[in-house]
Amino acid sequence: MSTAIADLHDSSAESGVNYLNANYGIKSWLLTFDHKRIGLLYLVSITIMFIVGGMAAVLMRLHLVEPQGALFEPETYNKLFSTHGIIMVFFFLVPSIPATLGNFLIPLMIGARDVAFPKLNLLSWYIFITGAALALYATLSGGVDTGWTFYPPYSAAYSHTNVTIVALGVFIAGFSSILTGLNFIVTIHKMRAPGMTWFRLPLFIWAMYATSLIFVLGTPVIAITLFLLGLERILHVGIFDPAVGGDPLLFQHLFWFYSHPAVYIMILPGMGVMSEIITCFSRKRVFGYEFVALASIAIAVLGFLVWAHHMFVAGMSIYAGLVFSVLSFLVAIPSAVKVFNWTATLYKGSISYEAPMLYALGFIGLFTIGGLTGLFLASLATDVHLNGTYFIVAHFHYVMVGGAVMAFMGGIHFWWPKITGRLYPDYWARIAAAIVFVGFNLTFFPQFILGYAGMPRRYAIYPAEFQVLNVMSSAGASILGVGYLIPLIYLTWSMRYGKPAGRNPWGAKGLEWTTLSPPPTENFEEIPIVTEDAYEYPVAGGNRV
Amino acid sequence: MSDLAAHGAHPPGFAHQFETVAQQREAGQLGMWVFLVTEILFFGGMFTSYIIYRSLHLESFITGSHLLKVQFGATNTAVLIFSSLTMALAIRSAQTGKSKGQTIMWLILTMILGAAFIGIKLRYEWYADYVEGIIPGVNWAYGGAHAPGVKMFMCFYFFMTGLHALHMVVGLGILTVLVIMTARNRFSSEYYSPLEISGLYWHFVDIVWIFLFPLLYLIGGRYPGS
Chain A
0 MSTAIADLHD
10 SSAESGVNYL
20 NANYGIKSWL
30 LTFDHKRIGL
40 LYLVSITIMF
50 IVGGMAAVLM
60 RLHLVEPQGA
70 LFEPETYNKL
80 FSTHGIIMVF
90 FFLVPSIPAT
100 LGNFLIPLMI
110 GARDVAFPKL
120 NLLSWYIFIT
130 GAALALYATL
140 SGGVDTGWTF
150 YPPYSAAYSH
160 TNVTIVALGV
170 FIAGFSSILT
180 GLNFIVTIHK
190 MRAPGMTWFR
200 LPLFIWAMYA
210 TSLIFVLGTP
220 VIAITLFLLG
230 LERILHVGIF
240 DPAVGGDPLL
250 FQHLFWFYSH
260 PAVYIMILPG
270 MGVMSEIITC
280 FSRKRVFGYE
290 FVALASIAIA
300 VLGFLVWAHH
310 MFVAGMSIYA
320 GLVFSVLSFL
330 VAIPSAVKVF
340 NWTATLYKGS
350 ISYEAPMLYA
360 LGFIGLFTIG
370 GLTGLFLASL
380 ATDVHLNGTY
390 FIVAHFHYVM
400 VGGAVMAFMG
410 GIHFWWPKIT
420 GRLYPDYWAR
430 IAAAIVFVGF
440 NLTFFPQFIL
450 GYAGMPRRYA
460 IYPAEFQVLN
470 VMSSAGASIL
480 GVGYLIPLIY
490 LTWSMRYGKP
500 AGRNPWGAKG
510 LEWTTLSPPP
520 TENFEEIPIV
530 TEDAYEYPVA
540 GGNRV
Chain B
0 MSDLAAHGAH
10 PPGFAHQFET
20 VAQQREAGQL
30 GMWVFLVTEI
40 LFFGGMFTSY
50 IIYRSLHLES
60 FITGSHLLKV
70 QFGATNTAVL
80 IFSSLTMALA
90 IRSAQTGKSK
100 GQTIMWLILT
110 MILGAAFIGI
120 KLRYEWYADY
130 VEGIIPGVNW
140 AYGGAHAPGV
150 KMFMCFYFFM
160 TGLHALHMVV
170 GLGILTVLVI
180 MTARNRFSSE
190 YYSPLEISGL
200 YWHFVDIVWI
210 FLFPLLYLIG
220 GRYPGS
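Protein sequences appear in the order of chains A and B.
Numbering of the first sequence is given in numbering that gives the first Met the number 0, commencing with residue 0 and proceeding in unit increments.
Numbering of the second sequence is given in numbering that gives the first Met the number 0, commencing with residue 0 and proceeding in unit increments.
Heads up, some of the hints might be wrong.
Stated by the list, open to error - In silico contact screen, one side only, chain B against chain A (beta carbon under 8 angstroms); selected entries: (1) Q16; (2) Q22; (3) H56.
These are calculated hints, taken from the structure and not from any lab test.
Even for Gly, the Cβ is constructed at its ideal location relative to N, Cα and C.
Extracted from the complex, chain B is given alone in its bound form:
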């Protein structure tokens, strides 16, 4: 720490344990990639369970899937993909040294899209599910075919989308911090790794949804004749 001066002028985010800015950036990136690996395994346990139960109770899972509101799931897929674009543009804007106003605009747009995703999910999906009585353990009044298996499917639906939504909320928190850091001029075209590694996280959460959407909403064919 004593020889910070020897390192010359460093951007505000430089930490004492590193020798160079490049080393710090690489460490941050590797750290986030390793974290995403743990996330894959975390969701992986759930995907594995889903696959096993789906193969055991395929009919029930199809019946359950048809209870979901596919139009809102599809809308949310589009919303999330678009938010990945705005996140990438926010990083791009910091990287190319654009004005901080522009970076903040893209970040806030990303937050709006993320919040829209959660809003749609809560209002038009989970709330509607609650009214219909298809939330296991909370309000369960389903009386149709394959009741036990459908209940199992709905469990996985809520666990997986709930865990995903939790990651979205964490992502919104991270974005808030990034907006504040940007506003305080913490980033420049030389130093923007917090933006970059948060972007990795945001894209990862999007990709999880890209897998969740077909696995939960699109199984068994929804259209006549398919």
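If we strip away everything but chain A, and leave its shape as in the complex, we get:
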């Protein structure tokens, strides 16, 4: 996407003023309206949440080394998996790529000075940390034991843990999602640089747009659902209590109306990151750009029509089950379009294996496994067998961790030179990517077998015959933990000691690579004029830049 910005060189390049050193002090960060700084505020916040959620997971896996449970009372175990789920879903995965990379990159990629509503953007972050603080407080002051799904009647009438506070935290954080989605939609509609037509947008932008649609349409429903649950707990009025005419299934419908699309909130941004990385390290335009772009929208739309496949065994009408099963299969089509098109992009590409590309290749494989096992669960008959087992746990971790977190790591590595202006040590980054891949598979592949053999999820104890696979899984989790720690170390190190990155260390296309690293406060010295389609790399076999 070369642009008419040749004369952007280099008055402020020489002066060296960028968004990081434009001003200093804690106040300049906490009161910033700069989308790039807000992106970094999110990055720090969600990293903390990831560490908390990850520690809960480590404790669970340690406990499960022995069939009778090695460490905790069953009640404590219940709180651990609930904490892990709630923190990871609502406070890490949902905001992960959109709020960090999305915030940082959307204005840069479309050639704008900032998002449409910078103050609203900062407000979103404050709302998020308020919700996150409540959730952390509730966790530390006794925890919550309902699982991340908050199903009544247990959550409404029987649980004596901090359900109300956690639900309030999730409720509040939801408004952060809504406002972020709103901001992104308006920004992508109204702030594009001259010449940046819809079909010249980078695919990351299409993915963020689709994600924002789900933020805006889905999140209000979970908000009202948790609001009703909170009132039910406080006032004991019976909204979801069957004893007085309420219907717990209604809660499940409302919950999954958001929480299934939320799965696409987590994976769509990852798919956007994939499209950017794969095209860059294949030196080739993405195969079938329009299909990949529209597949994002198709996933967002279809994602709203499949929620009840979480409820096949919950007592729903069998005919509704049939419809939701068929609709669920349909989501596989746009998802497969993406995987096939990435693969076709690799074909005859000039491929190189820098760290972001390793994460991207890992993503393709793991997401494919996660996606295909999703088809098992969308089939009514196999779902009856597999529902509520470790097969489900393995399936969604292949999508959420193997997909979304791999993409997040890949994206951070890809744009880190742009964000910080520094290069990280590529050797260590490749080592870490390999460790993550190995650790991940060792953790979660045995869980497919465990689930297929009938081990139920969310139990603090299990029959002795499942011990070997559980120990493998726990061993994998510790390797995975190391794989996540190494980047934390060298990325932090690189902020001070890394080599200067220059504008475009990967030789990538895209407006964000045409400006300085780190970018100046207003991103571009002059708003660029776009004259080319996205990813116009030299024809196959062309020169490495």
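Based on these hints, arrange chain B on the given structure of chain A.
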């Protein structure tokens, strides 16, 4: 930011991230429409629950509906529709460049009507409900027919009208800000988008009530022979 001068003279509300005033106005409007979409989904979750429970417990919902003070609900409907008119006239007055006094007059009239709505609701409906003991979880002494279902209905009545009233209060806050901004000459016939998008919000809150009123007050027929 450095090249603000290059953009020429802009009205006071112009923000640095935009290229043109028109772009800023369009962004603001689109932002408010998207926000209203989220509001529809927000209320939508509640309307859906209402519809499901109403179909499960129709008799109870009719009995519950008859406990409501329909004359005050009807009065409030008229008050709100009228406030939409005054809101539209306030925008019209800024758009056509009338004196700021006139815009402020319409805005304050809108606020008075909005406050009247909340006042009527509190004094003649919720307070009366409290005295009668038909507020679930707070004061519940209902002993008539279909008690569990009526309680469910009253829950929805208070959740939905409470959420609506909360939006009215937010709207009054926005109107206060608009009055101050108008008094400080922030608006002109070229730049009045805060008025316009706040108007969208105000009308939306009115429309929610237009749905709430029949769904809550008018079900089952209130008149002999119907």
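**Asked** Which hint numbers doesn't this structure obey?
**Response** none
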